[in-house]
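Colleague: So the protein sequences, as listed, match chains H and C.
Under our numbering, the first residue of the first sequence carries the number 1, and numbering increases by one thereafter.
Under our numbering, the first residue of the second sequence carries the number 1, and numbering increases by one thereafter.
No lab work stands behind these hints, which were simulated from the structure alone.
Possibly wrong hints are sitting among the right ones.
[What the hints assert, rightly or not] Heads up, simulated SDA-like pairs for lysine to any residue below, C-alpha to C-alpha not over 20 Å straight-line: (1) K42(H) / G98(C); (2) K42(H) / R108(C); (3) K95(C) / K105(H); (4) K42(H) / R44(C); (5) K105(H) / R44(C); (6) K71(H) / G98(C); (7) K42(H) / T110(C); (8) K9(C) / G41(H); (9) K42(H) / A24(C); (10) K71(H) / T110(C).
[Said to hold, decoys possible] Covered, in the sense of this in silico footprint (three residues per stretch, anywhere, with C-beta under 8 Å from a C-beta of chain C), are these stretches of chain H: (11) 11-17; (12) 103-112.
[What the hints assert, rightly or not] Derived DEER-like restraints, expressed as beta-carbon distance ranges: (13) M19(C) / A78(H): 43 to 51 Å; (14) G53(C) / Q81(H): 39 to 47 Å; (15) S12(H) / S67(C): 38 to 46 Å; (16) Q14(H) / G63(C): 39 to 47 Å; (17) R51(H) / T54(C): 23 to 31 Å; (18) I20(H) / L69(C): 42 to 50 Å; (19) G83(H) / R44(C): 46 to 54 Å.
Note that the Cβ used here is the ideal one computed from N, Cα and C, for glycine as well.
Below, each chain spelled out in residue letters.
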Amino acid sequence: GESVGLHLPTLSVQEGDNSIINCAYSNSASDYFIWYKQESGKGPQFIIDIRSNMDKRQGQRVTVLLNKTVKHLSLQIAATQPGDSAVYFCAENHPSGYSTLTFGKGTMLLVSP
Amino acid sequence: NAGVTQTPKFRVLKTGQSMTLLCAQDMNHEYMYWYRQDPGMGLRLIHYSVGEGTTAKGEVPDGYNVSRLKKQNFLLGLESAAPSQTSVYFCASRKGRGQEQFFGPGTRLTVL
Numbered sequence: 001g002e003s004v005g006l007h008l009p010t011l012s013v014q015e016g017d018n019s020i021i022n023c024a025y026s027n028s029a030s031d032y033f034i035w036y037k038q039e040s041g042k043g044p045q046f047i048i049d050i051r052s053n054m055d056k057r058q059g060q061r062v063t064v065l066l067n068k069t070v071k072h073l074s075l076q077i078a079a080t081q082p083g084d085s086a087v088y089f090c091a092e093n094h095p096s097g098y099s100t101l102t103f104g105k106g107t108m109l110l111v112s113p
Numbered sequence: 001n002a003g004v005t006q007t008p009k010f011r012v013l014k015t016g017q018s019m020t021l022l023c024a025q026d027m028n029h030e031y032m033y034w035y036r037q038d039p040g041m042g043l044r045l046i047h048y049s050v051g052e053g054t055t056a057k058g059e060v061p062d063g064y065n066v067s068r069l070k071k072q073n074f075l076l077g078l079e080s081a082a083p084s085q086t087s088v089y090f091c092a093s094r095k096g097r098g099q100e101q102f103f104g105p106g107t108r109l110t111v112l
């Protein structure tokens with residue numbers, strides 16, 4: 001619920017703007033990355049993923065960019081809508097063992113009409 | 001398909017009480033996970049399972065136990081609840097390595 005958003009970085013945009021949400025990941029050996037969206041009171045939902053052999057991947061209104069040199073991931077949302085308001089998490093997949101996901105703390109996106 | 005379901009949705013416990021959270025998935029996924037989510041902390045892995053009959057510790061396993069007796073179910077137990085276990089608990093499953101995780105709707109647990 002709304003308690004998820006306490007103390008999170010917040011990005012506020014106007015409807016129709018493009019949004020860019022950033023994430024720094026921790027493990028240079030991570031081979032798979034995912035962006036999740038979490039609306040208030042719900043579980044995280046998959047948005048888009050990218051493998052480490054790519055630097056860009058596009059979906060519907062969303063683009064993920066991967067910069068392995070600086071261990072940075074970004075999510076770009078085109079023509080942001082009020083329904084995009086949520087907390088956005090990046091996750092990295094560790095290739096060792098059974099490869100669990102490690103999640104970032106999240107960024108709250110607020111879209112004003 | 002129902003996807004990933006969790007039972008119950010809400011629960012209030014007193015310190016020292018025990019309870020079990022149930023996660024079920026109907027996607028025939030091998031891997032299942034339990035996370036807790038606290039304000040400003042993101043999702044932290046408690047325990048996970050890579051197949052029926054197997055479990056492993058995650059980042060914050062203390063105070064919790066799990067069982068995966070059937071492929072579709074993953075149970076999270078609290079033997080003696082503490083206020084520090086007040087949190088929102090999410091279950092997730094995935095088909096295999098290098099693939100997305102599907103999350104349940106969460107269980108909000110309060111320990112008084």
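Colleague: The structure should be examined with respect to each hint, and the outcome stated for every one.
Modeller: Taking the hints in turn, this is what the structure says about them:
{"no.": "1", "hint": "K42(H) / G98(C)", "verdict": "violated (24 Å)"}
{"no.": "2", "hint": "K42(H) / R108(C)", "verdict": "holds (11 Å)"}
{"no.": "3", "hint": "K95(C) / K105(H)", "verdict": "violated (24 Å)"}
{"no.": "4", "hint": "K42(H) / R44(C)", "verdict": "holds (16 Å)"}
{"no.": "5", "hint": "K105(H) / R44(C)", "verdict": "holds (10 Å)"}
{"no.": "6", "hint": "K71(H) / G98(C)", "verdict": "holds (18 Å)"}
{"no.": "7", "hint": "K42(H) / T110(C)", "verdict": "holds (17 Å)"}
{"no.": "8", "hint": "K9(C) / G41(H)", "verdict": "holds (11 Å)"}
{"no.": "9", "hint": "K42(H) / A24(C)", "verdict": "holds (17 Å)"}
{"no.": "10", "hint": "K71(H) / T110(C)", "verdict": "violated (37 Å)"}
{"no.": "11", "hint": "11-17", "verdict": "violated (count 0)"}
{"no.": "12", "hint": "103-112", "verdict": "holds (count 4)"}
{"no.": "13", "hint": "M19(C) / A78(H): 43 to 51 Å", "verdict": "holds (44 Å)"}
{"no.": "14", "hint": "G53(C) / Q81(H): 39 to 47 Å", "verdict": "holds (45 Å)"}
{"no.": "15", "hint": "S12(H) / S67(C): 38 to 46 Å", "verdict": "holds (44 Å)"}
{"no.": "16", "hint": "Q14(H) / G63(C): 39 to 47 Å", "verdict": "holds (45 Å)"}
{"no.": "17", "hint": "R51(H) / T54(C): 23 to 31 Å", "verdict": "holds (26 Å)"}
{"no.": "18", "hint": "I20(H) / L69(C): 42 to 50 Å", "verdict": "holds (45 Å)"}
{"no.": "19", "hint": "G83(H) / R44(C): 46 to 54 Å", "verdict": "violated (28 Å)"}
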